[in-house]
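Throw the hints in and build the complete structure from the sequences for me.
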Amino acid sequence: MINWSKITEATRHYLKSIFQPGDVILSYTESNTPGIMTPLVIREAEAIDKIILNPLCTQNLSVYLSEFFQQDIQSGNPAAGKWVVTVKPCDARSVIQMISDEQIAKDNLEMVVFDCDGTVTTKSLKNLLGGEIRSVKFEDHQAKGETLANKEVTADLVGSYQTKCSDSAICSLPDMHDYSFISESNRFVFHGSEKENALIQDTLSREDCFQRVSEELSKCIRCNACRNVCPACFCSDRCVMDKPKLAIPYITKEITLDQIFQYHLIRFYHVAPNCTACGECERACPQGISLSIFYRYLHRLNKQLFGAESGSSDSDKQKLLSYRFGEDLV
Amino acid sequence: MASNELVFLFLCRALKRKRLLQTIKQEFPSIRVIEVPCIGRFNPILAFKMITAGAKGVLLLGCDPGDCHYREGNLISERRILYAKETLTAFGIHGSRIQAIWYNPGKDKQILHDIKLFLSEIARLPMLTLKPTQKKEG
Amino acid sequence: MSNQPNHYLPSFGKILETKQENSLIKSFLVSVPDTMQNTPVLPGQFFQLSLLGYGEVPISLSEYNPEKKTYLFCIANTGAITSKIHQLSVGEEIGIRGPYGNGFPIAALKGKNIIVVAGGIGLVPLRSIIHYSLTNPGYFTHLEILFGTKSTSDFIYKEEIKQWRLKPDTTVKVTIDKAEKAWNGNVGFVTSFLQENCADHSEILFSLDPSFENTVILVVGPPAMYKNVFRALEKIEFPDKKVYLSLENHMKCGIGKCGHCNCGEKYVCLDGPIFSWLEMKSLPKEY
Amino acid sequence: MDTNRIYKKDMNQVFSALKKLGMAVIGQGFDEKQRLVFKEVNSFQELALQEITPLQPVKSFLFPPTETMFSYQKTEKGTRLTPEQEAGASKKKILFGLRPCDVHAIEYIQKFYNGNFPDQPISHYIENTIVVGIACATPSNACFCTTMGISPVSSSGADIFLTPTDDFFLIEFLTEKGKSIQSAFAASLKASEANDGNWKQKIEQSTINSLLEKIDVEAIKGKVNQAYDKPFWKKYSDVCIACGGCTFDCPTCTCFDVRDVMESKSDGYRYRAWDSCSFASFTLHASGHNPRNSKLERLRQRIMHKYHYTVANMQTWSCTGCGRCIRVCPVGINTRSILKDIKEALHE
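Protein chains in written order, with this note's numbering: chain A, 1 to 330; chain B, 1 to 138; chain C, 1 to 287; chain D, 1 to 348.
Treat the hints as calculated values from the structure; they're not laboratory data.
Where hints are given, some of them may not hold.
Label pairs and their computed distance ranges (CB to CB) [what the hints assert, rightly or not]: (1) A:Lys123 - D:Lys8: 25 to 31 Å; (2) B:Lys18 - A:Gln211: 42 to 48 Å; (3) C:Asn214 - D:Lys235: 32 to 38 Å; (4) A:Gln211 - D:Asp216: 32 to 38 Å; (5) B:Lys16 - D:Ser287: 46 to 52 Å; (6) D:Ser287 - C:Asn197: 56 to 62 Å; (7) D:Asp196 - A:Asp156: 54 to 60 Å; (8) B:Lys18 - A:His177: 52 to 58 Å.
Each residue gets a CB set at the ideal place from its N, CA and C atoms; glycine is no exception.
Structure (structure tokens):
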């Protein structure tokens, strides 16, 4: 079991040791909304003590890296120092994939991976503690909450994590040859569940699968949260879907089933080769749509076709570029 | 021709087979041909838009990998079709709705046969009920 | 309550004449739809023009001729919809909704010296105020038209400018940004007319009404030009209450509901597009 | 004001009576995947009034996410427009069990969409809607209605108002619209008893104690724009991902986009769909110039519009403190902490 206060202390200590003026650290701290953490951008050393790591650190901080690097390039004066980002193992794979997609430069990036044995979303924490909470603390693997009526509630965290945590295919560490890893045992211990959940594309017939997908997507209100929270969607602020200038656009702004299908088809087609199944799109969806249906299928696809999951090493080239001779035709 | 029997064919203009184009147009009324300067110009987002709007399928016609006029037009599209088909499958839509036919010289009859095969294959697929029922016919 | 008119439904007018003013701007003479036969239109107001299947664009009215029942719209080919409108030919229909916006404060301009500062396409909405002075002779004491464009090929309203020069109490000064061989007129930004050291500077500002008591300035042009205008007018301490500008924000509904043109407390389509320089100072720099 | 009792066990008769009047009853309940939503309910048991208010607001029934404004057919004789008033819209709707924050939101939307160019389709929806308010006994940890001057038991704006107790509701018919369907309730109304009056205070007290904090926003009313250039905005825009979640789930967000779809050479339609000021293309000019180019300006616009611009134009906040923007934010930005930062910045 992870002792989160130790991990927080060790991470702070390490960050203080490597911090140079001009560096920018991306980490987590408490928000004043009970049950959710908020990303923290640190530009001075004193702020490092605000860093808090616990099972609620669900956001994938790599999504900010592509944007900050873009700002550096556009503003012409690259950040004086380094970008330092503290990530969980599953999010580390997003950073690795962005490096191999050449979206961020490896040389002025320092990735600090902290050990994690599963994160809890705000929704699952609320179900665990049986309702709205005023505050929550995490001690030796229990969530201790205080309800709105000032009553103490506690719950065990084991086995209550997000879809991605309980899916063995996704909870894994990329190769870390020159990144730092903070953990009590200093080696990665797999914490996900062993069993591989079956995919609906395999278990259901094509028509039932389409039916299930239509039901899920009919709830979508096209708020773009899944696109803007996705590290693989690094051109989300100049997306083909926001092109108002086309007289006949690729997609209209209608929130109807055919345009919702078009939206998600375009999105998952674009991220298919570099989605690292970090689970953020499913967590960020205000409508509770289980987007893991799509990313788990496409994530497995890359392993089947090219023998390597996306985000496993920062050197394998982008797979989308083009067909390589010798592969069989589709 | 209700829109749900339409098939779109992206034809690479570098193929320079005017006669083949004529025979396709005569023999297959349900195919709408879209000539593109290079088969690499094919963008699966267009195919998705056609399929979600109710078209039956999308075909690509270009040269065999290796003898592409622009060297890698068909290589790029081959990879795009792979991911487009898999994305459709992930959504419960038949990936076979998109198909590429790579042509090698002197095989016009083979092409027509492949197109017939594709049309018969997708004829069996159910109509996608995504777009609200056509308010007006045509 | 629900039997009110649906303000989103356009009426239709026929295109009577078209004329290519320059490479970018084409003017369309359009018949007034019968639902708008006797709707008054103030200079500076705009209409939402619809090209069904493509969308709507807000276009300031250049001229309204109540007798001949025609609207004159001069449209620049800058976007997806305007480029399609440019392909329309005489006889085709175009959707019209409006008029919207506050327009120039005509009452406050009575008997005043009017200086019209037009930057390139800015002359299109300002033509409505010039047309107003032609159809109401003597309404303004003196009208001075300052018009600047990038190059001679960008000139618009060549014949109209010739007629404006002949009108009594009207002077026209034209300039282009960079010198050209066949051009021996002024060279420089249109804002240089507002500076005393300019050879051909504005007569109203520096001779007719140096105390600026009886003068109002109307300015329309690209947002970048407004900064230079403000700097020039600050230098000669021209009162900000008597300068009016038109804001061209992105608009969709034209009736203050869709939120796109919201800038500070104002809705450009309802409270504008004409704002005084004083009002603009209280708006955030979001136009 | 005559208050009656209506027992929960009799509510199903009321529901069937309402159905006979041709009314669709919409309330908060669980969908097939156990998600709390506003949906059409056929029986009282389907309602989950003991839960907090759903994340997606009831505004989607009054200002639909996507709505065809009109379809057109071009013929030789000219163009024919057929305005599209959805069949469902003309059907009378009852929004059953709305908290005071949602009821005030509907009041705001009605006021906003009237004004000098009334939005006919939306006023048609609102006109055909009867609002049954309920005292809020179960707030979320994000709620701040008292900050925005709304009491959790306020009945203003509702056509009928319910005060929930364990096994019955106190019911008040407040407006003509409410009285128009009193017949459906008449059979089950029981006389109220002596101490029924203090149920409301009890609920109000317990709900106010459950709220995490109350910010004195009156101190910054009309002055919020002075915080326009303050440095604290960067703290939020660094972290904001500019998705439309907070605006789409906000019951008082009224912005929409208008676009056309060409179905064939001669036919097509114009629709409007929800739009958000946090999207980059919201203010993008055809020339490419974007007045609000950065995330900071767009995040600030949402706050300025709700807490200053509508105060200046309509003399009311356009926020009812329902807390949905706080609950939905995937990166934990809390609107209340922005308000506190504004207050602090104005007091320097």
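Comparing the hints with the structure gives:
no.	hint	result
1	A:Lys123 - D:Lys8: 25 to 31 Å	28 Å, holds
2	B:Lys18 - A:Gln211: 42 to 48 Å	45 Å, holds
3	C:Asn214 - D:Lys235: 32 to 38 Å	51 Å, violated
4	A:Gln211 - D:Asp216: 32 to 38 Å	52 Å, violated
5	B:Lys16 - D:Ser287: 46 to 52 Å	41 Å, violated
6	D:Ser287 - C:Asn197: 56 to 62 Å	32 Å, violated
7	D:Asp196 - A:Asp156: 54 to 60 Å	43 Å, violated
8	B:Lys18 - A:His177: 52 to 58 Å	57 Å, holds
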